[in-house]
Amino acid sequence: MIEGILIGLSTALSLTNILMVMVGCFAGTIIGMLPGLGPMTAIALMIPITYGFDPSTGLILMAGVYYGAVFGGSTSSILLNAPGIPGTVATAFDGYPMAQQGKAGKALAIAAYSSFAGGTISAIFLLVAAPSLSKVSLAFRSPDYFALMILGLTAISAFSSKGQFLKAMMMVVLGLMLATVGQDSLSDITRFTFNNMNLTDGISFVLIVMATFAMSEALTIIFRGKDPNRAAKQISLTELGSIKVNKEETIKMAKTIPRSSILGFLIGVLPGAGATIASFLAYGMERNYVNEEEKQKFGKGSVHGLSAPETANNAACSGSFVPLLTLGIPGSGTTAVMLGALLGFGIQPGPRLYQTNPEIFWSVIMSMYIGMVMLLILNLPLIPYIARILAVPRNYLIPLILFFSVTGIYLMSFNNFDIFLMIGIALVATFLRLYDFPMPPLILAFVLGGLMEETLRRSLLISDGSPNFLWDRPITLIILLITITIVGWQIFSTFRKKS
Amino acid sequence: MRISPTKFISLLFLVLSVFYLYTAYNIQVFAFDENAPFNARTFPIYLGWAGIILSSLKIILPEKVTTEVNHKHLDYKSIIYLIVISLIYAAVILKIGYFISTSLFLFASYYFLGERRWGLMFILSFPFVAAFMYLLHGLLNIYLRDPFLKYIGVMG
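Taken in sequence, the protein lines are chains A and B.
Note that the numbering used here gives residue 244 to position 244 of the first sequence, counting from 1, and the numbers run on in steps of one.
Note that the numbering used here gives residue 581 to position 82 of the second sequence, counting from 1, and the numbers run on in steps of one.
Since the hints were derived computationally from the structure, they do not count as laboratory data.
Be a bit skeptical, because a hint or two may be false.
[Stated by the list, open to error] Going by beta-carbon spacing under 7 Å, a handful of chain B positions derived as facing chain A:
(1) P504
(2) F512
(3) I526
(4) F537
(5) L556
(6) V564
(7) T566
(8) S577
(9) A589
(10) I592
(11) L605
(12) Y609
(13) I641
We put the beta carbon where it would ideally sit given N, CA and C, even for glycine.
Generate coordinates for the entire structure from the input sequences, incorporating the hints supplied.
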């Protein structure tokens with residue numbers, strides 16, 4: 001492992017890669033800060049640019065963007081009460097009241113220190129857990145992978161939007177349907193192309209991500225522009241106050257950070273869970289842990305209440321890399337986007353990545369840590385200046401997002417059919433979002449579609465068409481039982497609510 | 500009878516799934532693959548059935564959480580403008596080249612979203628696209644096809 005860490009460090013600490021982490025963190029912070037735009041959009045916008053780099057550099061840039069966007073999301077939560085991403089909603093509970101009390105700088109500093117600490121602790125967990133899990137996952141066979149993908153898709157549907165399980169599952173099926181367009185990987189038979197040559201190679205992953213996230217986010221912001229409930233309540237973006245944290249506040253953070261980090265990491269590892277659930281659970285857990293006097297401060301600017309979700313959401317971000325790096329199965333929408341980017345580089349993540357491309361495996365892990373250090377030493381002092389980005393009028397912001405989306409697609413194909421297709425999908429996605437049909441399950445399903453069909457093919461061929469492969473192996477059976485439990489729980493909670 | 504928008508979307512999804520399933524059954528497979536445990540049709544057929552079952556459940560079951568959207572608060576005008584501009588942009592990008600089409604697209608988008616600071620609108624369109632193209636093409640060595648700039652000799 002020490003050798004691996006050194007390989008990772010030597011790759012991540014090259015001048016180009018350090019520069020990429022810096023650029024990634026900075027760009028991610030700016031994009032993540034803009035309400036409505038989260039890490040997925042930020043990473044999606046970066047994908048076309050990364051194709052000019054080698055895989056390690058590209059991934060390092062994306063990891064920097066990821067952490068930057070999460071940090072940026074916290075900033076808009078604290079300053080505007082408008083979370084950039086769902087994972088920072090809980091941050092606004094105490095961060096925004098603190099900002100209203102004239103302590104915006106302090107709230108941002110607490111968020112930054114907590115994020116850094118949460119990220120650091122979970123990066124250590126990742127460092128230890130990922131290689132061990134890689135070895136374990138070598139024992140996985142096609143039926144296990146198939147069952148695991150079903151579990152991942154079910155879990156993300158169950159957790160991505162509360163009470164909307166069926167809607168999320170419909171999005172999963174839609175994502176898988178989109179993934180079947182084009183040539184069948186084994187027989188080369190074209191499917192669902194309707195004799196259109198442009199669809200023979202299937203729909204590009206970048207197109208789907210750009211359409212359902214970047215472009216659809218931009219259209220949604222315009223669409224809901226007249227909604228008075230969505231107008232941001234602006235506090236002064238130029239007078240943020242001191243960013244110094246006193247001794248009493250440091251002690252409070254020191255108590256909160258370890259337990260929230262552990263919780264965040266464990267939740268992050270679970271397929272489908274991720275930063276949002278981790279931050280809410282950490283907030284709830286912290287409220288139960290503190291004394292009665294502190295409990296009363298929750299929702300009014302509590303240090304514990306701000307530190308806990310911030311620590312947990314960053315810890316969950318690192319945790320979500322565990323299934324991606326060890327099994328090749330992303331646990332969240334953001335890591336699904338990263339999987340798509342990896343496949344674009346010709347790299348198949350999974351247990352063998354650790355052996356075949358150790359420099360990529362380790363450099364991604366190490367760059368995460370370097371990214372967090374960069375965030376702390378570069379972004380925190382720059383926050384008063386970066387925060388002014390929030391004042392950029394949407395009249396400029398929206399066309400620029402559309403411009404980056406279209407350019408990304410144009411760069412890949414130099415074909416206007418893809419741009420038309422992207423506009424069409426973005427329009428459909430905008431209406432679906434309006435009625436709370438979640439997009440992350442669609443992305444995850446689209447990315448996993450090909451692999452899922454492949455593992456199902458192998459499993460059915462081995463079992464001669466019998467569904468026995470689902471319960472023949474203990475690992476498959478256990479995964480299947482967990483999936484059934486999640487579905488059962490969703491059904492039970494529906495009936496419980498009705499009764 | 501009033502059907503909720505969510506159920507209406509589910510109904511559309513049901514229609515899509517039925518069409519998908521019909522198309523899946525009609526996928527041409529090799530004769531020797533016809534009765535194989537798995538062929539190019541198998542996975543799509545499962546998906547078609549899954550879509551039908553899920554959308555039917557969504558239509559039949561009562562809604563636990565209803566999503567209300569106030570259409571008065573939705574800015575249809577701006578969205579239509581943006582979509583039309585984007586479609587025109589997509590249609591002309593290959594003919595008039597990336598630089599001019601993108602700059603005009605940005606300029607028109609700023610205008611239709613209500614911006615009237617002409618100087619800023621100009622800077623954030625033509626020079627901005629030129630700088631972006633230089634970044635991609637000149638510095639990052641990412642090929643950006645532009646027949647117009649090639650014709651006038653700006654790009655190699």
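Next on the checklist: Run through the hints listed earlier and report the numbers of any the structure violates, in increasing order.
Outcome noted: Structure breaks no hint.
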